[in-house]
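Engineer: The chain contents come next:
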Amino acid sequence: MIPSRSPASETLSHPLDLTQPDSKTRWLETAFVLLAWGCALLSAGTLFWIARVVYQDARPAIAEFGLEFLWGREWSSTREVFGALPFVYGTLVTSAIALLLAVPFGLAVAIVTSETILPQWVRSPVAFLIELIAAIPSVIIGLWGIFVLVPFLMPLQRWLHETLGWIPLFGSEPFGPGLLAAGVLLAIMILPTIAAISRDVLLAIPPELRSASRSLGATRWETIVRTLLPAGSAGIIGAIVLALGRALGETMAVTMVIGNAVRISPSLLDSGYTIPAILANQFAEALKPIHIGALMYLALILFGLTLVVNVIAVVLVQWVSRRAIVR
Amino acid sequence: MELSDRELPDLDLQQPLSLPRRLFEYGTTAIALGLTVVALLPLFAIFWQIVSQGLQHLSLEVLVALPAPVGMEDQPNGFANAILGTMMMVGVGASVSVPFGVMTGIFLSEFAGGTAIANGIRFAVKILSSVPSIVVGVFAYATIVLATKQFSALAGGFALGVIMLPIVTLTTEEALKLVPDTYRLASAGLGEGRFSTTFRAVIPNALPAIVTGVLLAVSRAAGETAPLIFTALSSQNWPQGLLSPTPSLSVLIFNYADSPYREQNALAWTAAFVLLAIVLLVNTISRQVTRKHLK
Numbered sequence: 001m002i003p004s005r006s007p008a009s010e011t012l013s014h015p016l017d018l019t020q021p022d023s024k025t026r027w028l029e030t031a032f033v034l035l036a037w038g039c040a041l042l043s044a045g046t047l048f049w050i051a052r053v054v055y056q057d058a059r060p061a062i063a064e065f066g067l068e069f070l071w072g073r074e075w076s077s078t079r080e081v082f083g084a085l086p087f088v089y090g091t092l093v094t095s096a097i098a099l100l101l102a103v104p105f106g107l108a109v110a111i112v113t114s115e116t117i118l119p120q121w122v123r124s125p126v127a128f129l130i131e132l133i134a135a136i137p138s139v140i141i142g143l144w145g146i147f148v149l150v151p152f153l154m155p156l157q158r159w160l161h162e163t164l165g166w167i168p169l170f171g172s173e174p175f176g177p178g179l180l181a182a183g184v185l186l187a188i189m190i191l192p193t194i195a196a197i198s199r200d201v202l203l204a205i206p207p208e209l210r211s212a213s214r215s216l217g218a219t220r221w222e223t224i225v226r227t228l229l230p231a232g233s234a235g236i237i238g239a240i241v242l243a244l245g246r247a248l249g250e251t252m253a254v255t256m257v258i259g260n261a262v263r264i265s266p267s268l269l270d271s272g273y274t275i276p277a278i279l280a281n282q283f284a285e286a287l288k289p290i291h292i293g294a295l296m297y298l299a300l301i302l303f304g305l306t307l308v309v310n311v312i313a314v315v316l317v318q319w320v321s322r323r324a325i326v327r
Numbered sequence: 001m002e003l004s005d006r007e008l009p010d011l012d013l014q015q016p017l018s019l020p021r022r023l024f025e026y027g028t029t030a031i032a033l034g035l036t037v038v039a040l041l042p043l044f045a046i047f048w049q050i051v052s053q054g055l056q057h058l059s060l061e062v063l064v065a066l067p068a069p070v071g072m073e074d075q076p077n078g079f080a081n082a083i084l085g086t087m088m089m090v091g092v093g094a095s096v097s098v099p100f101g102v103m104t105g106i107f108l109s110e111f112a113g114g115t116a117i118a119n120g121i122r123f124a125v126k127i128l129s130s131v132p133s134i135v136v137g138v139f140a141y142a143t144i145v146l147a148t149k150q151f152s153a154l155a156g157g158f159a160l161g162v163i164m165l166p167i168v169t170l171t172t173e174e175a176l177k178l179v180p181d182t183y184r185l186a187s188a189g190l191g192e193g194r195f196s197t198t199f200r201a202v203i204p205n206a207l208p209a210i211v212t213g214v215l216l217a218v219s220r221a222a223g224e225t226a227p228l229i230f231t232a233l234s235s236q237n238w239p240q241g242l243l244s245p246t247p248s249l250s251v252l253i254f255n256y257a258d259s260p261y262r263e264q265n266a267l268a269w270t271a272a273f274v275l276l277a278i279v280l281l282v283n284t285i286s287r288q289v290t291r292k293h294l295k
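Residue numbers (the working numbering), protein chains in the order written: chain A, 1 to 327; chain B, 1 to 295.
No lab work stands behind these hints: they were computed from the structure.
If you're wondering where the values come from, they're calculated on a predicted model, not measured in any experiment.
Using N, Cα and C, we set each Cβ at its ideal position, and we do this for glycine too.
Warning: the hint list may mix true and false statements.
Said to hold, decoys possible - Sample of chain B residues facing chain A (criterion: CB under 8 Å; computed from the structure):
id, residue
1, L43
2, I121
3, S130
Stated by the list, open to error - With beta-carbon atoms standing in for the labels, derived distance ranges:
id, chain 1, residue 1, chain 2, residue 2, range
4, A, G45, B, F199, 16 to 26 Å
5, A, L209, B, F199, 42 to 52 Å
6, A, L92, B, S244, 31 to 41 Å
Just need the whole structure built from these sequences, with the hints factored in.
Structural biologist: Shown next, in the form of structure tokens:
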């Protein structure tokens, strides 16, 4: 028998038992409860199902290459040599560029939209517009990236190469698409995540903290920098980690502007490849089992990486909101 | 009140801030406003580009014709098949995710309250919502494409369903939690069981918010590309049912964006305009519904 549980009754003083032992419709009740249990377990189980399926199909490649796959530098389906390093490298570098750019912008937006620097009728539309970016399909942002952002970044890339070319970071001749372009596009895409969650975090900070700081003579920005940001730091870090998870897994926009070349170049102006990008480009054409296996292995690495990052983010954000409720 | 105003020395309590503090104040304000303005620029640039480029070739023909073979100038050229394919696959996704998502939401809100099982399931669903969409595509490829040996709308729709499931679940739970407990108590007091309490007292009151969640999931799924490229693939023809390769707006944009042919690039912009219009329309409708409901 299904144990009868109390419904969401945090506001009720005593648990509410809706079971009717003598009802004629008892079978309906039982079926309904069973169905809800089944659906809930299946929904949660999808996560484990994904992990199992991807692992299962990656096994030929895991058996063939083992852990050496992680630092293999070559990727050739004709010679059946597969290594993940160029893709892991591209994924991490583009995500790092994206975070470096998006964090200051995202925090600025969060502060401007949660503080009273601007009147309410300006703040609300700004917050709405920034969140609108998140609703744009990534393939459309990629299309814009190819035809607008890459040509726009070209003069900057050329300037970086000419003046700072002696630094390996800018050591290669720019030709448009590349790690830098992909990173900038990713920054635009993850900005709403950082801005929206940080804004909620800042708005949830008890007003007493702000009043206390202001009454001690601190100015608005001294209050923000020394009181509000430290008080909200866990939530803001949660937002940044969540944005990182999104950047790691983002596929279409990156695929369209990164240049798709299997290489590990220290130069940000050079083209590269990411794990999602090679999955998007090669899965439809992969025929050999070992090729499919290697792609599955890459998918498994990406799944594991984003899983760790997202678990950290969700735990941080949950912890912060629970603490806010307790307070 | 012995002291009159005249006897007091000129007392100024409004001591001005020291110069460094004032500079810090103005400087940070200027930086924050500047960064915010720059952060808004890409959005306007994207909208401007899509509207100006997309409207150039937008016509009825584009919405009702099939893609013309490359190089055929005088043939009608359009992407009606992709619009239909997107609708088909979002429909498949919704028919998979809505029943499961709503039931899971009911479970989380009505049956399992704050229990450990509910927290575990909610956590797993939250993590599921942040799994990269390309990994969901790989999953659909492994479970359906490899099993049926066929790229199909079914596989694409299944992938979209997995992406929609957590959105529907979490919004349904939130929607049900907003229904006051007095409704449940009243229903129980009239002798109703769980089934009729849930479906006749709770759900009708939460329906607008649940619909919002479904619309939000639909708008997200309609724009997804990564889970479709190697599950539904694409095609130049009308969709041939659920078990054959099926075109979609998003994959069409991806394929045409990289194309060396100008007319295909132009069509990509037009398709982007249509897709963005659909996505933002559904998205803003759902936001309006919530706002009204919450009032």
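Engineer: Compare the structure with each hint and give your call.
Structural biologist: Verification of the supplied hints:
no.	hint	result
1	L43	holds, 5 Å
2	I121	holds, 4 Å
3	S130	holds, 4 Å
4	A:G45 with B:F199: 16 to 26 Å	holds, 25 Å
5	A:L209 with B:F199: 42 to 52 Å	holds, 45 Å
6	A:L92 with B:S244: 31 to 41 Å	holds, 39 Å
Comparing the model with each numbered hint stated earlier shows that all of them hold.
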